[in-house]
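K.L.:
Model the full structure from these sequences, guided by the hints.
These are the residues of each chain, in order.
2 protein chains.
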Amino acid sequence: MNTTEFRKRGKEMIDYVADYIETIEQRSVYPDVQPGYLRSLIPEEVPVEPEMYEDVVKDIERVIMPGVTHWHSPFFYAYFPTASSFPAMLADMLCGAIGCIGFSWAASPACTELETVMLDWLGKMINLPENFLAGTTGCGGGVIQGTASEATLMSLLAARSRIVRWIQADNPDRTESEIFSKLVAYSSDQAHSSVERAGLIGGVTMKKVPTDEKFSVQGEALKKMVERDRRAGLIPFYFCATLGTTASCAFDNIIELGPLCNAAKMWMHIDAAYAGSAFICPEFRPLLNGVEFADSFNFNAHKWLLVNFDCSVMWVKERADIIGAFKMDPLYLKHDHQESGLVTDYRHWQIPLGRRFRSLKLWFVFRLYGLRGLQDHIRKQVLLAKEFEKMVRDDQRFEICAEVILGLVCFRLKGSNELNETLLKRINSTRKIHMVPCQLSGKFVLRFAVCARTTELHHVRESWAHITDLASELLQELPH
Amino acid sequence: MNTTEFRKRGKEMIDYVADYIETIEQRSVYPDVQPGYLRSLIPEEVPVEPEMYEDVVKDIERVIMPGVTHWHSPFFYAYFPTASSFPAMLADMLCGAIGCIGFSWAASPACTELETVMLDWLGKMINLPENFLAGTTGCGGGVIQGTASEATLMSLLAARSRIVRWIQADNPDRTESEIFSKLVAYSSDQAHSSVERAGLIGGVTMKKVPTDEKFSVQGEALKKMVERDRRAGLIPFYFCATLGTTASCAFDNIIELGPLCNAAKMWMHIDAAYAGSAFICPEFRPLLNGVEFADSFNFNAHKWLLVNFDCSVMWVKERADIIGAFKMDPLYLKHDHQESGLVTDYRHWQIPLGRRFRSLKLWFVFRLYGLRGLQDHIRKQVLLAKEFEKMVRDDQRFEICAEVILGLVCFRLKGSNELNETLLKRINSTRKIHMVPCQLSGKFVLRFAVCARTTELHHVRESWAHITDLASELLQELPH
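Chains as they are written, first to last, in numbering that gives the first Met the number 0: chain X, 0 to 479; chain A, 0 to 479.
There may be inaccurate statements among the hints.
No more than 25 Å apart at the CA atoms, straight line, and that leaves these computed lysine-lysine pairs for DSS-like [claimed, not checked]:
no., chain 1, residue 1, chain 2, residue 2
1, A, Lys333, X, Lys424
2, X, Lys333, A, Lys413
3, X, Lys207, A, Lys333
4, A, Lys181, X, Lys181
5, A, Lys442, A, Lys207
6, A, Lys57, X, Lys7
7, A, Lys213, X, Lys333
8, X, Lys333, A, Lys442
9, X, Lys206, X, Lys223
Which chain A residues face chain X? A few, computed with CB under 10 Å, are given here [claimed, not checked]:
no., residue
10, Val45
11, Pro65
12, His71
13, Met124
14, Gly372
Hints in this document: simulated from the structure, not taken from any laboratory. Quick reminder that beta carbons are idealized off the backbone N, C-alpha and C, glycines included.
P.N.:
See below:
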């Protein structure tokens, strides 16, 4: 395909994308296909000769769309949102065209520098303490990771290498593997599965701290566990706090937990994957109070800040800690400015070596929405969740299962888990709206997460009417 | 931005992208900026109100382009290629619009299924043994990772968890951390830095196996180390073979190494990050002989197969091994079909949870180039490297430092390392072409990697003329 054809096909694709978004609510939000549906729809092998472009494009509707879960449908309320906006898509096109791999400053200076400055912008937007910002002289700074899982893992690896360094400074004879075997990391029993996974990858014990009735970790709970483990000769070294848990959007009490971690010389990482974007609104910023005690902080701009996946933003107070986790410098990656101190080589901040020019998405979105536009988006979605909460509360057959703080409503029919499982199954099988469940204190709970940028109040109302219709049907079938 | 404006801006962006690629060789391939150049060009904070689109676009040329290293310039010969093609860019636009997060089958069945089938297509294109393919009943299968670093890490974690399982089956009392402390992994002393890094992350010892005069690991070298380590009570469990090393594109002797690993019950992973794409050509496929002994195999389709970053393809013989590395199943990620055996939940195959619909890029590229078109691309670039090699050999002042097998030529001026360092510095500072060095047997060597899709013979000739001009100047300055 030459540039002339690309101009034509690219513009057609722009129209296809615009049409897709414009008419997305006419599609079933959840696909009606069985596992293995796709294989029989396409050949078993690659074509030897090039095919016609028209034939490829025709297959989007024939092969792909029937099997797509439409995350950007206004009727999609599952998981947490994944962001989508036109400015981010435009920036992503530019990112693809430049197509640089920004593993070092020299590999494309603009790619590295825009990222550092955009993370400073965003840090200021959520009023992060200054020592998390890079500025021109700072020891901290921000980086774009692919996902929150990777940010958590990086923080755990940095903490692990820091504690080994500290211990070996006093006891040079202690081996790394002996120290590893005594390390203990902690997280909320509500923490995302990726936190437990980070422990498995890093080869350290990860213990779950019990939460209170609001699904939040309090200082006392962590303190007890840490003290007990220390008495047992173990080495507590890391705590991953969650702001906005996946199940119910609960917030750990970092104002209590932070000083405790600092005193215990434990690394505190904050995973605010979903909730973090909300901190650009002053009314939600108090939820982040206590971040000043953290060593690292992360949220997914690709969840709720209108920046298409992937763009998980992470800040550290001491960049030396994260770089020190496993810096390597082979000759083929060295460059002149490397030792100047002014230069950031982001490959040391992350698991992969390669990285795309993702900060372009932040730059486009920030400038084309403005802070105000982004705040409007957050506030609107919180409002929609509150409206949904009201509807649930107005129906005596239902109960709200967790405080509604941001865009997530956890609710259920008063009654058995089985009843609620059946309700959810029926909701999802009509394919009009899509939700996923969670478990809270042993209860099977339905999660209604306001996700799509295009979700309006009438969609929420329509969805609630749909849910109550199905609930009424279900309840009528029950023996009285 | 509404859809109407997106249609307009999107089409303008298509033209910008087409113009950029069409005129890329008029730009300096390497930017003339100092560290910190960008910060002063833009405001210190996010705008509160949205800006005009025109102002944002103007800033691409003012702020971004001056700091871009143009990886797709025909004069870019540094590192290894990163792929770029129009079909991949079109597919990426579609990927962005669908914007699904394919962590499980249910999260978007098409995203998972197209990936499995495309990896089968590609596996057949390189004639992988059938037990690496998923098919409809296979135990193996393919997955798209972000980078080769992640593929290596995943294979190491899978191997680590397999050996622990095996050992604990016979000795239930041995703890994981005691076993970890005795594990030894191996790779070539020419292996990419990410392999050593995988060992650091996984908390296991990684030893470097010495290579022969062709920079290739032979069976005997590994065998000796393994035997010595076993006698010392250690547990050899993993070998990462490299096909196409970063420094000189050397190939480990996997026909010897494979059976050795199998007999020793060590996991053999093959990292063919760059070279792997070439195996779609029958004449290069013999370089992959021995893959039948491997447990996992990986290469970067985003390097040499015209699929834009990121798209690192990986196959395993036993998907249970890789899934078993750290499968976790919280309720909010469960779905109906999960236990059907027909379904792949790719989140278990990778470090991150989230994942984009990257197989669309493979699908578009495979169909719009056809196997023949992709083979032509590989062959053309190998041919260009051979042409460059000839020019170097014809100039008595230079020497070739490693066999030219694919698209990389390692060469240097006969003389000191300092002389060659100066030559490279001068080449890069003219910004006409861009290269990076490597170290081979203590020698400072220049790497000429044919990278851009648009590089033609006349670019290579012009580049050689430029190099020899600078070399002549340099040699004339030397005292006789």
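K.L.:
Could you tell me which of the hints above the structure violates, numbers in ascending order?
P.N.:
The structure breaks none of the hints.
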